[in-house]
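K.L.:
Kindly produce the complete structure, drawing on both the sequences and the hints.
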Amino acid sequence: MLLVGLFGLPMSAGVLVAGTFIAAIGPIMLVPAVLAGVAVLYVAGSMTPRGSVLTDRSWGRLAWATGVLFLGTAGLMVMVAATTGRYIEISWLWMALFTAAPYALAAGVLAGGWVSVGGVVLSGAWLVGFWPW
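First residue of the sequence shown? That's 0 in numbering that gives the first Met the number 0, and the numbers climb one at a time after it.
Among these hints, one or two may not hold up.
What the hints assert, rightly or not - Restraint-style ranges between C-beta atoms, simulated for each label pair:
no., residue 1, residue 2, range
1, Gly84, Leu34, 27 to 35 angstroms
2, Thr65, Glu88, 30 to 38 angstroms
3, Glu88, Val114, 27 to 35 angstroms
4, Ser115, Ser45, 16 to 24 angstroms
5, Ile27, Ala73, 16 to 24 angstroms
6, Val33, Met94, 17 to 25 angstroms
7, Pro48, Ala80, 30 to 38 angstroms
8, Trp113, Pro31, 30 to 38 angstroms
9, Val120, Val30, 33 to 41 angstroms
10, Glu88, Trp58, 41 to 49 angstroms
11, Ser45, Gly84, 36 to 44 angstroms
12, Glu88, Val30, 33 to 41 angstroms
13, Arg56, Thr82, 37 to 45 angstroms
14, Pro48, Val116, 16 to 24 angstroms
For the record, the hints were derived by calculation from the structure and aren't laboratory data. These numbers were taken from a predicted model, which means no experiment stands behind them. Cβ atoms here follow ideal geometry from the backbone N, Cα and C, with glycine treated the same way.
P.N.:
The structure is reproduced here in structure tokens:
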């Protein structure tokens, strides 16, 4: 999960930048961002073949990478939506870690076994922590 979080750090910034320009440029910008995100996560899955039940074969790595990308991006968008309009004073390092965390949590959810249970619990805590009550 830490490896995916480290890979998610530059990727999350790219997803936010791509999401900013989608309204102006259209969905043509989304295709390269998704392909690059899946490719980066596929490499991460290749480096950890025993990290999940899905990452031991190439088709499983592709499914895992796609799942982590979409679940992580959904978590990132929930975090952005929950914090929009609120002033949060935070350093750039913590913000970078916060934007990478949904991808690590998504990898934990897709890991299998007790790690998945822990990933679901931590993802729930993440949502509760960022949601404006």
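K.L.:
All hints, please: hold or fail.
P.N.:
Hints and how they fare:
1. Gly84 to Leu34: 27 to 35 angstroms: 32 angstroms, holds
2. Thr65 to Glu88: 30 to 38 angstroms: Once the Cβ atoms are compared, 35 angstroms apart, the range 30 to 38 angstroms for glutamate 88 and threonine 65 holds.
3. Glu88 to Val114: 27 to 35 angstroms: Given a distance of about 33 angstroms, which is inside 27 to 35 angstroms, the answer is holds.
4. Ser115 to Ser45: 16 to 24 angstroms: About 21 angstroms separates the Cβ atoms of serine 115 and serine 45, which means 16 to 24 angstroms holds.
5. Ile27 to Ala73: 16 to 24 angstroms: 22 angstroms, holds
6. Val33 to Met94: 17 to 25 angstroms: Holds: the Cβ-Cβ distance is about 23 angstroms, inside 17 to 25 angstroms.
7. Pro48 to Ala80: 30 to 38 angstroms: 35 angstroms, holds
8. Trp113 to Pro31: 30 to 38 angstroms: Given a distance of about 37 angstroms, which is inside 30 to 38 angstroms, the answer is holds.
9. Val120 to Val30: 33 to 41 angstroms: 34 angstroms, holds
10. Glu88 to Trp58: 41 to 49 angstroms: Hint holds: Cβ distance 45 angstroms, inside 41 to 49 angstroms.
11. Ser45 to Gly84: 36 to 44 angstroms: With Cβ atoms ~40 angstroms apart, the hint holds.
12. Glu88 to Val30: 33 to 41 angstroms: 36 angstroms, holds
13. Arg56 to Thr82: 37 to 45 angstroms: 38 angstroms, holds
14. Pro48 to Val116: 16 to 24 angstroms: The hint (16 to 24 angstroms, Cβ to Cβ) holds, given that proline 48 and valine 116 are roughly 22 angstroms apart.
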